[in-house]
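K.L.:
Chain by chain, the residues run as shown.
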Amino acid sequence: MLAPSLRATAVTALLLAGAVGLFSLLLLTSGKSPLDTFAGLVGSTLGSAYGLGEVLVKLIPILFTALAAALPARLGLVNVGGEGQLHVGALFAAAAALALGAATPRWVALPAGILAGMAGGAAWALLPALLRSWDWLNETISTLLLNYVAIRLVDFFVFGWLRDPGSANVPQTRAFGPGFLWPAFTGRVHLGLVLALLALLLAAGVLGLTRWGYVIRAIGGNPLASRRHGLPLARAIVAVLCVGGALAGLAGTGEIMAIQGRLRPHFSADYGYLGFLVSWLAGHRPLRILVAGFLVAVIATGGDSLQLDQGLPSATVNVLMALLLVVVLARGGKRAV
Amino acid sequence: MPSEFLQGWLAGAIVASTPIFYAALGETLVERAGLINLGVEGTMLVGASVSFAVASVTGSTLLGLAAAVLAGGAFNLLLGPLVVARGANQLASGLALMFLGQGLSAYYGKPFVGTTVDGLAPLPVPGLASLPWLGPILFRQDALVYLTVPCALAVWGLLQRTSWGLHLRAVGEDRLVAYAAGSRTGLLRHQALFLGGTLAGLAGAHLSLAIAHTWTEGLTAGRGFIAVALVIFGAWNPLRVLPGALLFGGTLALQIQLQARGAQVSPFLLDMLPYLVTLAVLVQLRKASRGRMPEGLKEVFESSA
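So the sequence lines, in the order shown, correspond to chains A and B. Its first residue numbered 0, the first sequence is counted upward by one per residue in numbering that gives the first Met the number 0. Its first residue numbered 0, the second sequence is counted upward by one per residue in numbering that gives the first Met the number 0.
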């Protein structure tokens, strides 16, 4: 067990170095010092308790959205809709919190918000899932298109029906009742971290140990053979996409219930896409998602500080993330004709 | 519906559909080679930022366009080693390309944020431009708008009427058979990627130089993904890309027109329309398009690992 995992770690480190090297070249082309940039990147994230806390805060939604991509991927599906599912999850959770009212006792409010968020995410994944299970439309295209719809749907409600009449200039909902808010442990690190870790463990367990997990892996391995053996392909498609959607919905719920306390437009920092990236970096394996997710959370958090300290756009680090993904994809490739 | 409204809408629809058209035309070429590039969005961003930077530094729109074409082609070629040589998952590789384009364009475009260029000016066609009603819609557009139909015909001719096109389509249908028959499948696929990239670069350039006249991070706002969807809409036929692009551009322009007139419809709902319409049409066309998908692409869509 140890030797292969050690070797894998070594290879990963080497590839990481290659990507970092290319990224340094990019920085050099516009006269930025790679050393200063990386020092800033690491220092602002791993260098202090506060920085590490911010990394964990970003890690939470990324873990959920990574699972949202990974579970369908194990079945052979490409869910690029994490961003949309996250938005609709947050919208449902916000609607539940506003409908139930600020006085809702905690033991009702907290689960109600969580369930509503999961339902929202699952609902947003349902249409692509059905379309795919009927063999009508590939889920890659439909989940992508629906991301743009979901973001505008949130805008529509936040600027309209759900808008707090008291906030004249800022489009946002009323603050949620205290019962709905997710408790924080230290700083801004919140309940979501526990939920995300539980979800990872549960996903690993279900995939590895249960009959359902076996069916999913079998279909993912060979859809045609599985269909001929009578495995429930359509049901599995709908199930994994909706479970994935529900998890992405949790990511959105956490963002508004733990970080923001109300729903505002553009509350997600592309977490859906970051999660997709993490899922592929991790080969869609739940436990590796934790490692890849942490790495991506560090880079993304560092990107924010690059923007502040060095005047670089925070999207600069997208280059680094893309390079990492390229390396991992190239390594996993199989054929060469 | 007042005729002035209709006129403004149609003229706007044509402009708005042009970048999506070029991107989808390029992607059609790529997909006929049995590849799918989900990263058109990134290539468009590279084209948009490079053309804007070159045009504003040199003051020449033409140089800006040329730079976008080359940069787009080169950028798409990055996909080659991954998906052609290594056989990596195409959908994930495309998204890596998107991230890369986003990051690179944001990084190198930073100094240009907030600046403007004259860019691509409308080029009224002598005589026709003063036609009543139709003139402003069809004949007071920029050069890239006029070139849409010739470009569609050229790509169609290239695919259907040249031996290069025949080989390319053969690769897209069955890579191994084409290889066995002596086609240089790798080379052909790289050529398709390059050509598709030049068109996506041009698409980005139209967006920054002719529509926005400025550069902002993420200028394309998902148009690259719409382009991918439009290829299916067009059933992999270059000649059928234009109607699809017009439909999308039309819903986009409708929203702008309605807002300009202060219509009492939520801008956010109108904003959703293009995406929902595209989705609805794809579902509607599912049977018609199924049979026309290059065989080699089915392989990509049927398994992800």
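Hint data in this document are derived by calculation from the structure and do not stem from the laboratory. Among the hints, a few may not be true.
[What the hints assert, rightly or not] From chain B, some residues computed to sit far from chain A (all C-beta separations above 12 Å):
#1 Leu9
#2 Leu37
#3 Gly41
#4 Ser59
#5 Leu69
#6 Pro80
#7 Leu81
#8 Asn88
#9 Ser92
#10 Pro131
#11 Leu133
#12 Leu157
#13 His166
#14 Glu216
#15 Ala259
#16 Phe267
[Said to hold, decoys possible] Some, not all, of what chain A presents toward chain B, calculated at C-beta under 7 Å:
#17 Leu125
#18 Leu129
#19 Leu136
#20 Arg151
#21 Phe184
#22 Thr209
#23 Trp211
#24 Tyr213
#25 Val290
#26 Phe293
All values derive from a computational prediction rather than experimental measurement. Heads up, the beta-carbon is just placed ideally off N, CA and C, and yes, glycines get one too.
K.L.:
Beyond 12 Å from chain A, beta-carbon-wise, is Pro80 (chain B)?
P.N.:
violated (7 Å)
K.L.:
Taking 7 Å as the limit, does the beta-carbon of Trp211 (chain A) come near enough to a beta-carbon in chain B?
P.N.:
Trp211 (chain A) check fails; min Cβ-Cβ to chain B is 19 Å, beyond 7 Å.
K.L.:
If I take the minimum Cβ distance from Leu81 (chain B) to any residue of chain A, is it greater than 12 Å?
P.N.:
violated (6 Å)
K.L.:
Hey, does the Arg151 (chain A) contact hint survive, CB to chain B under 7 Å?
P.N.:
Because about 5 Å separates Arg151 (chain A) from the closest Cβ in chain B, which is inside the 7 Å limit, the hint holds.
K.L.:
Examine each Cβ of chain A, and state whether all of them lie more than 12 Å from the Cβ of Leu37 (chain B).
P.N.:
violated (7 Å)
K.L.:
Would the least Cβ to Cβ distance between Leu157 (chain B) and chain A come out above 12 Å?
P.N.:
holds (24 Å)
K.L.:
Are Thr209 (chain A) and chain B close enough, Cβ to Cβ, to be under 7 Å, as the hint says?
P.N.:
Violated - the Cβ of Thr209 (chain A) stays beyond 7 Å from chain B, reaching only about 20 Å at its closest.
K.L.:
Answer holds if the nearest beta-carbon of chain B is closer than 7 Å to that of Leu125 (chain A); otherwise answer violated.
P.N.:
violated (14 Å)
K.L.:
Does the no-contact call for Glu216 (chain B) survive, Cβ to all of chain A over 12 Å?
P.N.:
violated (6 Å)
K.L.:
Can we confirm that no CB of chain A comes within 12 Å of the CB of Ala259 (chain B)?
P.N.:
holds (19 Å)
K.L.:
Over 12 Å from every CB of chain A: does Leu133 (chain B) meet that, or does the non-interface label fail?
P.N.:
holds (33 Å)
K.L.:
Grab the minimum beta-carbon distance between Ser59 (chain B) and chain A and tell me whether it stays above 12 Å.
P.N.:
Ser59 (chain B) clear of chain A: closest Cβ-Cβ about 23 Å, beyond 12 Å.
In summary, the numbered hints that this structure violates are 2, 3, 6, 7, 8, 9, 14, 16, 17, 18, 21, 22, 23, 24, 25 and 26.
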